[in-house]
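Peer 1: Protein sequence lines correspond, in order, to chains S and C.
So in my numbering, spot 26 of the first sequence is number 39, and the numbers just go up one at a time.
So in my numbering, spot 51 of the second sequence is number 53, and the numbers just go up one at a time.
Read the hints as simulated data drawn from the structure, not as lab findings.
Be a bit skeptical, because a hint or two may be false.
No farther apart than 20 Å at their CA atoms in a straight line, the calculated lysine to any residue pairs in the SDA-like style are these [what the hints assert, rightly or not]:
| # | chain 1 | residue 1 | chain 2 | residue 2 |
| --- | --- | --- | --- | --- |
| 1 | C | 64 | S | 206 |
| 2 | C | 64 | C | 83 |
| 3 | S | 144 | S | 188 |
| 4 | S | 238 | C | 120 |
| 5 | C | 64 | S | 207 |
| 6 | S | 144 | C | 125 |
| 7 | C | 64 | S | 212 |
| 8 | S | 238 | C | 173 |
| 9 | C | 64 | S | 111 |
| 10 | C | 64 | C | 87 |
| 11 | S | 238 | C | 124 |
| 12 | C | 64 | C | 82 |
| 13 | S | 144 | C | 76 |
| 14 | S | 144 | C | 47 |
| 15 | C | 64 | S | 203 |
| 16 | C | 64 | S | 194 |
| 17 | C | 64 | S | 238 |
| 18 | S | 238 | C | 87 |
| 19 | C | 64 | S | 144 |
Facing chain S, according to a computed beta carbon distance under 10 Å, are these residues of chain C, among others [claimed, not checked]:
| # | residue |
| --- | --- |
| 20 | 42 |
| 21 | 49 |
| 22 | 74 |
| 23 | 93 |
| 24 | 96 |
| 25 | 100 |
| 26 | 101 |
| 27 | 105 |
| 28 | 113 |
| 29 | 127 |
| 30 | 143 |
| 31 | 148 |
| 32 | 160 |
| 33 | 190 |
| 34 | 196 |
By construction, the Cβ of each residue, glycine as well, lies at the ideal position given by its N, Cα and C atoms.
Here's the letter readout for the chains.
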Amino acid sequence: MLSRRTRSRPRLLGLAIAAGCLGAAALVSTIVASDHQDTALVELNPRRDINDVYAFPASSAGRVVLAVTTQSPLTPAATSNALFDVNVLYQIKIDNSGDGVEDLVYQVTFRHRDGDEQQLVEVRGPVAPAKTGTVNTLVNIAPAVSGPINTVLGSASGLQVFAGPRADPFFIDLERFFRIIPDRRPATGPLSRLPEAPSASSFRNPGVNFLDGINAMAIVLEMPKSFLGAGAGGAVGVWATTSIAGESR
Amino acid sequence: MSRSTSRVTLALIGAVLLAAACNDGAKIGGPDSPSLRVTPGTNYRQVEFLANPLVSEVTVFKQQHQAYNTSMPYASAQFIPVTQQFITGFGRPQALADLLSTVLYNGGHGDMLLFYPDRDPTTTGWLSWALQPGVGAGGRKLTDDVVDLGLTAIFSSFLNPTGALCQPFQLPLCTDNVNTTARAPAGTFPYLAGPF
Chain S
14 MLSRRTRSRP RLLGLAIAAG CLGAAALVST IVASDHQDTA LVELNPRRDI NDVYAFPASS
74 AGRVVLAVTT QSPLTPAATS NALFDVNVLY QIKIDNSGDG VEDLVYQVTF RHRDGDEQQL
134 VEVRGPVAPA KTGTVNTLVN IAPAVSGPIN TVLGSASGLQ VFAGPRADPF FIDLERFFRI
194 IPDRRPATGP LSRLPEAPSA SSFRNPGVNF LDGINAMAIV LEMPKSFLGA GAGGAVGVWA
254 TTSIAGESR
Chain C
3 MSRSTSRVTL ALIGAVLLAA ACNDGAKIGG PDSPSLRVTP GTNYRQVEFL ANPLVSEVTV
63 FKQQHQAYNT SMPYASAQFI PVTQQFITGF GRPQALADLL STVLYNGGHG DMLLFYPDRD
123 PTTTGWLSWA LQPGVGAGGR KLTDDVVDLG LTAIFSSFLN PTGALCQPFQ LPLCTDNVNT
183 TARAPAGTFP YLAGPF
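Only chain S is shown next, with the shape it has when bound in the complex (with noise of 0.2 Å):
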C-alpha cells in the first residue's frame, strides 16, 4: 500500500502540468470557445468533452436514436482533421429500472487501422456492463459494428452507427449568455476575455447563434426500441459519459 506521502507525488504532479497546460493553453488558443467546455479538464482535452446528448425516434417506426455530440467548438478547418480519441471510452448509459444507475451501456472506442491512419469506431452493445458507476471496463466481447469513421455502418434493421462530423445541432447566443452569467464562461478563447462581472442583464434582438459554422464530432445509434430495454409503455434515463483509463478501484 502507498503512503499518503507517496500517492501525493503525482497529484502535485498532476497539478503542476495542470497548470502549466492552462497558461499554455492561455498563450496559444485561437480555437472559439462555447458553452460545451465546461471544466478545465475537457475544455484542454475537447475529445473528452460530451456537448451534447439526444434521444428521439428514427425515421423508420419502432426505431430510435441516441446521439452524442463531443469537441465542440471545431472550426471548418480543423474539422478535416478531427478525430476521436483513442484512449477514451465513450459510452451512452441507459437505465431501464428507475434507480439511476445504468442498466445497459453502449461502448463506443477507436482505433487506427494497421498500416494507415484511417481511424476505426467499435460499437459494443446493448451489453449489462462489467462495472456500474464511474469507473467502468469494456466488455470483454466483440463489437456489434465496426468500421471506418465518416461511414454510415450496420444495418438499417439492426443497430446502425455513424462517427463522425457534423454540424453542432446546438443553438446559442453564447456570447450574451457569457455576459449575463459570466462564471460559466471558458478559460480560453475570445469568450474568455468578456468581463467577469455581469455585463448585461438581458438577451438581445437579434440573437447571435454562436454555433452557427461551427462543427462537433458526432457518434450516431439508431436501433429499434426494444434495444433500449425499456418495459411497456415505460420510461428509460439515457446519459453520456467519458472515461480514460487511470483508477484501479
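We have chain S; now place chain C onto it with these hints.
Peer 2: Then chain C, alone, in the frame of chain S:
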C-alpha cells in the same frame, strides 16, 4: 556546458514535457499511436457526464462542474440544493425551485434524459414527459430549443407567476432570440447535418 546553457536546456526539456502532457487527447489532427487504445481488463475513470442540457452547465456553479462530471445520475441529487440556489438567486420562489429540481433530477433518481420510446413520437421533446404528463415522450430532439425552454421555465410565469421576470419565450430573459439550429437536421440517418 555553462550554467546559462544548462538553464536553457532544462527549460526546453520542461517545455517539451509540458507540451507532451498538454497534448494528451487535445490535438485536433494527426494519428494517435496505434499501440494506444481502450482495452478490456483496464479500469476507466469517468471524466465527463452529461444528461439533461443546462442542468450542470447552467444551474451548477462552474467551480462544481468537475465534481458533477465525476458524478452519476444516482448521485447527482446532491446538486439539487445548488440548482435550487441558482433559481432562487434570481428572486424566483422556492416552490418553483422545488418543482424544477424535481423534474430535472427525476424525482430524486438523478439527472437523466427521460425518454418514453413507446409513446407517440410526435410528442417527443425535452421535458415533454413533464409538460404533458402521461402523454409526452420526453427525450430530446435535435431541434429542441432547450435554451428558451429552460429560460422560460426558470424566469417566466409559465410554471409560477410569482416574481416572474419575463413572459414565456420573450425578452428580456426568457429567450435568447436564437430559435433554430444553424443547419437543419436531415430526415434520415445520421440525422445531424453535414459539417461546415
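Peer 1: Indicate, hint by hint, whether the structure satisfies it.
Peer 2: To see whether the hints hold, each was checked on the structure:
1. C:64 with S:206: holds (16 Å)
2. C:64 with C:83: Distance ~15 Å between residue 64 (chain C) and residue 83 (chain C) Cα, so the pair holds.
3. S:144 with S:188: Distance of about 40 Å is beyond 20 Å: violated.
4. S:238 with C:120: Cα-Cα ~8 Å, so holds.
5. C:64 with S:207: holds (16 Å)
6. S:144 with C:125: Answer violated: residue 144 (chain S) to residue 125 (chain C) is near 34 Å, above 20 Å.
7. C:64 with S:212: holds (18 Å)
8. S:238 with C:173: Violated - the C-alpha atoms of residue 173 (chain C) and residue 238 (chain S) are around 39 Å apart, more than 20 Å.
9. C:64 with S:111: Violated - the C-alpha atoms of residue 111 (chain S) and residue 64 (chain C) are around 28 Å apart, more than 20 Å.
10. C:64 with C:87: holds (14 Å)
11. S:238 with C:124: holds (16 Å)
12. C:64 with C:82: holds (15 Å)
13. S:144 with C:76: Distance of about 15 Å is within 20 Å: holds.
14. S:144 with C:47: Given that 20 Å is the threshold and the Cα spacing comes to 11 Å, the pair holds.
15. C:64 with S:203: holds (18 Å)
16. C:64 with S:194: Within the cut-off at roughly 10 Å; holds.
17. C:64 with S:238: Violated, because 36 Å separates the two Cα atoms, which is more than 20 Å.
18. S:238 with C:87: Distance ~37 Å between residue 238 (chain S) and residue 87 (chain C) Cα, so the pair is violated.
19. C:64 with S:144: violated (29 Å)
20. 42: holds (4 Å)
21. 49: Holds. Min distance 5 Å.
22. 74: holds (6 Å)
23. 93: The hint is violated - residue 93 (chain C) has no Cβ within 10 Å of chain S, the shortest such distance being about 13 Å.
24. 96: violated (21 Å)
25. 100: Result: violated, 19 Å to nearest chain S Cβ.
26. 101: violated (19 Å)
27. 105: This interface hint is violated because 13 Å lies over the 10 Å limit.
28. 113: holds (7 Å)
29. 127: At about 9 Å, which falls below the 10 Å cut-off, the nearest Cβ of chain S leaves the hint on residue 127 (chain C) intact, so it holds.
30. 143: holds (5 Å)
31. 148: holds (8 Å)
32. 160: At 16 Å from the nearest chain S Cβ, residue 160 (chain C) fails the 10 Å test, so the hint is violated.
33. 190: holds (5 Å)
34. 196: For residue 196 (chain C), the interface hint holds, since the closest Cβ of chain S sits about 7 Å away, which is under 10 Å.
The structure is inconsistent with the numbered hints 3, 6, 8, 9, 17, 18, 19, 23, 24, 25, 26, 27, 32, although it conforms to all the rest.
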